[in-house]
Amino acid sequence: MERMQQIVGRARAAFRSGRGRPLEFRIQQLKALERMVQEKEKEILAALKADLNKCGPNAYSHEILGVLGELALTMEKLPSWAAPQPVKKNLLTMRDEAYINYEPLGVVLVIGAWNYPFVLVMQPLIGAIAAGNAVVVKPSEVSENTAQLLAELLPQYLDKELYPVVTGGVPETTDLLTQRFDHILYTGNTAVGKIVMAAAAKHLTPVTLELGGKSPCYIDKDCDLSVACRRITWGKYMNCGQTCIAPDYILCHPSIQDKVVENIKATLKEFYGDDVKSSPDYERIVNQRHFKRVKSLLEGQKIAHGGESDEASCFIAPTILTDVSPESKVMEEEIFGPVLPIVTVKSVEEAIEFINLREKPLALYVFSNNKELIKRVISQTSSGGVTGNDVIMHFFLSTLPFGGVGHSGMGAYHGKHSFETFSHRRSCLIKDLKMESTNKMRYPPGSQKKVDW
Amino acid sequence: NPFAELVSHLRASWLAGKTRPMEYRVAQLEALGRFLDDKKQQILEATASDLGKPPFEVELSEIFLCKNELHETLNNLSRWMKDEHVDKNLAMQLDSAFIRKDPYGVVLIIAPWNYPIHLFLVPLIGAIAAGNCVIVKPSEVSKKTERLVAEALPSYLDKAGHSPYPSILISLQDCFAVVTGAVLETTRLLENKFDYIFFTGIPPVGQIVMTAAAKHLTPVTLELGGKNPCYVSDTCDVTNVARRVAWGRFFNAGQTCIAPDYLLCTIEMREKLIPALRKAIDDFYGPNPRESPDFGRIVSDKQFQRVQRLLGSGHVAIGGQTDEAERYIAPTVLVDVQPSDPIMQEEIFGPILPIMVIANMDEAIDFINSRERPLALYAFSSNDKVVNQVLERTSSGGFCGNDTLMHMTLTSLPFGGIGNSGLGMHHGKFSFNTFSHHRGCLKRGMGREPLNAPRYPPYSQQKFGVIQATSKVSRKNDCTLL
Numbered sequence: 001m002e003r004m005q006q007i008v009g010r011a012r013a014a015f016r017s018g019r020g021r022p023l024e025f026r027i028q029q030l031k032a033l034e035r036m037v038q039e040k041e042k043e044i045l046a047a048l049k050a051d052l053n054k055c056g057p058n059a060y061s062h063e064i065l066g067v068l069g070e071l072a073l074t075m076e077k078l079p080s081w082a083a084p085q086p087v088k089k090n091l092l093t094m095r096d097e098a099y100i101n102y103e104p105l106g107v108v109l110v111i112g113a114w115n116y117p118f119v120l121v122m123q124p125l126i127g128a129i130a131a132g133n134a135v136v137v138k139p140s141e142v143s144e145n146t147a148q149l150l151a152e153l154l155p156q157y158l159d160k161e162l163y164p165v166v167t168g169g170v171p172e173t174t175d176l177l178t179q180r181f182d183h184i185l186y187t188g189n190t191a192v193g194k195i196v197m198a199a200a201a202k203h204l205t206p207v208t209l210e211l212g213g214k215s216p217c218y219i220d221k222d223c224d225l226s227v228a229c230r231r232i233t234w235g236k237y238m239n240c241g242q243t244c245i246a247p248d249y250i251l252c253h254p255s256i257q258d259k260v261v262e263n264i265k266a267t268l269k270e271f272y273g274d275d276v277k278s279s280p281d282y283e284r285i286v287n288q289r290h291f292k293r294v295k296s297l298l299e300g301q302k303i304a305h306g307g308e309s310d311e312a313s314c315f316i317a318p319t320i321l322t323d324v325s326p327e328s329k330v331m332e333e334e335i336f337g338p339v340l341p342i343v344t345v346k347s348v349e350e351a352i353e354f355i356n357l358r359e360k361p362l363a364l365y366v367f368s369n370n371k372e373l374i375k376r377v378i379s380q381t382s383s384g385g386v387t388g389n390d391v392i393m394h395f396f397l398s399t400l401p402f403g404g405v406g407h408s409g410m411g412a413y414h415g416k417h418s419f420e421t422f423s424h425r426r427s428c429l430i431k432d433l434k435m436e437s438t439n440k441m442r443y444p445p446g447s448q449k450k451v452d453w
Numbered sequence: 001n002p003f004a005e006l007v008s009h010l011r012a013s014w015l016a017g018k019t020r021p022m023e024y025r026v027a028q029l030e031a032l033g034r035f036l037d038d039k040k041q042q043i044l045e046a047t048a049s050d051l052g053k054p055p056f057e058v059e060l061s062e063i064f065l066c067k068n069e070l071h072e073t074l075n076n077l078s079r080w081m082k083d084e085h086v087d088k089n090l091a092m093q094l095d096s097a098f099i100r101k102d103p104y105g106v107v108l109i110i111a112p113w114n115y116p117i118h119l120f121l122v123p124l125i126g127a128i129a130a131g132n133c134v135i136v137k138p139s140e141v142s143k144k145t146e147r148l149v150a151e152a153l154p155s156y157l158d159k160a161g162h163s164p165y166p167s168i169l170i171s172l173q174d175c176f177a178v179v180t181g182a183v184l185e186t187t188r189l190l191e192n193k194f195d196y197i198f199f200t201g202i203p204p205v206g207q208i209v210m211t212a213a214a215k216h217l218t219p220v221t222l223e224l225g226g227k228n229p230c231y232v233s234d235t236c237d238v239t240n241v242a243r244r245v246a247w248g249r250f251f252n253a254g255q256t257c258i259a260p261d262y263l264l265c266t267i268e269m270r271e272k273l274i275p276a277l278r279k280a281i282d283d284f285y286g287p288n289p290r291e292s293p294d295f296g297r298i299v300s301d302k303q304f305q306r307v308q309r310l311l312g313s314g315h316v317a318i319g320g321q322t323d324e325a326e327r328y329i330a331p332t333v334l335v336d337v338q339p340s341d342p343i344m345q346e347e348i349f350g351p352i353l354p355i356m357v358i359a360n361m362d363e364a365i366d367f368i369n370s371r372e373r374p375l376a377l378y379a380f381s382s383n384d385k386v387v388n389q390v391l392e393r394t395s396s397g398g399f400c401g402n403d404t405l406m407h408m409t410l411t412s413l414p415f416g417g418i419g420n421s422g423l424g425m426h427h428g429k430f431s432f433n434t435f436s437h438h439r440g441c442l443k444r445g446m447g448r449e450p451l452n453a454p455r456y457p458p459y460s461q462q463k464f465g466v467i468q469a470t471s472k473v474s475r476k477n478d479c480t481l482l
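The listed protein sequences correspond, in order, to chains A and B.
Take 1 as the starting number for the first sequence in UniProt numbering and just add one per residue.
Take 1 as the starting number for the second sequence in UniProt numbering and just add one per residue.
Careful: at least some of the hints might be erroneous.
Heads up, simulated BS3-like pairs for lysine-lysine below, C-alpha to C-alpha not over 30 Å straight-line [said to hold, decoys possible]:
| hint | chain 1 | residue 1 | chain 2 | residue 2 |
| --- | --- | --- | --- | --- |
| 1 | B | K385 | A | K434 |
| 2 | B | K302 | B | K39 |
| 3 | A | K160 | A | K42 |
| 4 | B | K40 | A | K77 |
| 5 | A | K346 | A | K88 |
| 6 | B | K429 | A | K88 |
| 7 | A | K434 | B | K101 |
| 8 | A | K416 | B | K40 |
| 9 | A | K440 | B | K302 |
| 10 | B | K39 | A | K434 |
| 11 | B | K443 | A | K269 |
| 12 | B | K279 | A | K265 |
| 13 | A | K89 | B | K40 |
| 14 | A | K371 | A | K302 |
| 15 | B | K193 | B | K101 |
Calculated from the structure, these hints are not laboratory results.
The model shown is predicted, which means the values in this text are computed figures rather than measured ones.
Let's have the full structure, built from the sequences with the hints guiding it.
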């Protein structure tokens, strides 16, 4: 408890000193982060391989490329994002200055997740630094190699007091959450999200919660199944299904179920070869606990493809389940594994109703040649974000806010949205001490004449 | 759970899509305008009864400002509702990328007693504009206004709508409800799942609301309060400062969340300010403010006793008279106040202005920064640099230089707190944004599949090179010619 108090206290004192505020300082820190990513690329990739068996090109394009892009964008745009924004005035304030000032919040806490352990710490960190805050970074202990690496590297490149890294598990995180922060960004699951928000409530701390849920994927009869299934296969099985915006389950008409399975099977062969286990491009489940959890979801299900597993290496083969009952266990919680259930529905209306009966998901996917149908599905459902005719991709456009709604989260970030999330928009009206006569109308004694004017 | 049925009733209406079409939202908003017009007399009477509110103040703060919000919203609603198209990277040039503004669903608005119409109506405007169903919980402390809202408001809202989705039968009519009650009822209400909660009130209750919201992962906006500092520099027009500060402090008998709570100035300035404040009070309310129709009363016995106790701090320089039967506290200025005095420990929320003496601006800024961040912060000086210094070296919800309260009258400025004074914001477009979920949408084509090939396994350095080339964001100063 005391250790956390000291770390947070030092960060707060460093924030109060004001040295994190000037734009030049922030850009200098971001540049240092850029150098870190470039100079330590090998070490970062090695940590990701050790934690999740992610291979080089995959890890680079999913974790490092995005971070470099975010850094470049942020350093480029920061001066314009941070500039005071004048607002429309009325007749009474015509001669005054009225604007919104973007100011740091103070000390921000970033709690990372284990599935994309590098990018899910770095992207929030970039936004929080850009907005002028001190940042306490708490990477997930489950991806321990990346956590250890971040604990070593960040202090080497960044201001040690303003941006400390805290490692540890549940007890350390619980301790940390008793401290007062000015914003908390948490990436993880719904249950812990509630705990984080309840802890934040004690200090009236605003939160951004990037949670999860079951992201539905509706495949219309009218679509190019081979293209749709290739894209779905890519998004579902990347990182061994451990992606918060992976298509969790498929909704489609029973008449195309078999074709969907066929196409996914063909794509899997294309991607990973005949022996998935020996493909260097297929990852592993992060640990035993999650391995057991995902494996148990297969019980009693019709396995159309896959199902093989190996506990020693936490390997679960890419698996497809058919004719899945909505009440089964695999349809209760977010799967977060390489298991793809197909639930059949008779129509798009039924699919929409099915989706709306459940908690709002982080992502929603719909495949169709019919533009009107896609529009309708989007308009009649709610989700954090949407990609039509593909999966995952809305995550990669930083001009789109990335976040959940309902049980899948609150708040958003990426690009400029990060900067706004980690800033306070302070409204400012600067008047003149002269021109007092214009104020006379508002002062007592009141009268009907004044009101009518 | 006494409110479960009501909430699920509204949720069913929500799921049927009733509140979504623009025509429906516009109809409700226009009805709110008619409510303000038709019920003006009753609003004047109710607020006079509850808070002794002068008619001028009611016209200005409870009706006029609400109408501004209403008109701003009606004028801009179709633009705000539109999908916001965003810039795309090279790889997505042929896709459609936009932010869709989705309603949240069922919204709860909890309003306080000090501006009992304004503080439920302005958020309600935003929640309706954004397409939500809404439950309004007015304050039980402003009793007459609570009854007026509960009895009159429902008949204006939600007249004859129909579901835009023909396959869903609408037999339910309700998209809006007013819930009355005190702490117990509010606690029970908060047990239910809402899709957004908007709360205006004091920080301790803000914590309770956010804790209840956490159980359902409900996002919240909390408009709270604190002690709003008012710094007056030595270089200023004392007469004008006194009038502006007095106006902001004594409006609504001090019961305003952004009222200047305490004043910081040098001893020399204090000596000039006191006679100027005395004159301003006399100009505004006459020699006996108790007889002025333009000065309000404290809302309840409990609040009266609380504020009266604060008169014990320091010394009375102006005013100090009270009348319990009327819940009258005179416009009062206190001097020789210490930071540890009771009046400097809580938000005053009454017609008392303590003056604390400081040696200079730096001391004032240090004092302000040693305390919780306030909802509003005021600085008076004819020297621009002084005003800017105070602005730059402090943090607050909002800021007004050389006046009080006025920053909240511009619908283009976001209104909200920071730290203990609140989280989130509203007014104008910010209300609409607060009550909408900003959903990132990307619509791609099914063709051009070969363009996706580089992202698929088996992975290779060559494939990776293509990804980099088409989606990299690089700094403009080190660009490479493509």
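Evaluated hints:
Between K385(B) and K434(A), the direct Cα distance comes to roughly 16 Å. Compliance with the 30 Å bound is thereby established for this hinted pair. A distance of roughly 29 Å separates the Cα atoms of K302(B) and K39(B); the hinted pair therefore holds under the 30 Å criterion. Using a Cα cut-off of 30 Å, the hinted pair K160(A) and K42(A) holds, with the two alpha carbons roughly 23 Å apart. Restraint check for K40(B) and K77(A): not satisfied, since their Cα atoms lie roughly 49 Å apart, outside the 30 Å limit.
For the suggested pair K346(A) and K88(A), the alpha carbons sit about 52 Å apart, so the restraint of at most 30 Å is broken. At most 30 Å may separate the alpha-carbon atoms for a hinted pair to count; K429(B) and K88(A) meet this at roughly 12 Å. For a cut-off of 30 Å, the pair hint linking K434(A) to K101(B) is broken: about 43 Å separates their Cα positions. At most 30 Å may separate the alpha-carbon atoms for a hinted pair to count; K416(A) and K40(B) exceed this at roughly 44 Å.
As the CA atoms of K440(A) and K302(B) are separated by approximately 34 Å, the hinted pair breaks the 30 Å bound. Our distance criterion of 30 Å between C-alpha atoms is broken by K39(B) and K434(A), whose separation comes to about 38 Å. At most 30 Å may separate the alpha-carbon atoms for a hinted pair to count; K443(B) and K269(A) meet this at roughly 28 Å. Distance hint between K279(B) and K265(A) is unfulfilled; the C-alpha atoms sit about 86 Å from each other, more than 30 Å.
For the hint linking K89(A) to K40(B), the alpha-carbon distance of about 28 Å falls within 30 Å, and the restraint holds. Straight-line distance between C-alpha atoms of K371(A) and K302(A) comes to about 33 Å, which puts the hinted pair past the 30 Å bound. At roughly 21 Å between alpha-carbon atoms, K193(B) and K101(B) fall within 30 Å of each other, so this suggested pair holds.
The structure shown violates the earlier hints numbered 4, 5, 7, 8, 9, 10, 12 and 14.
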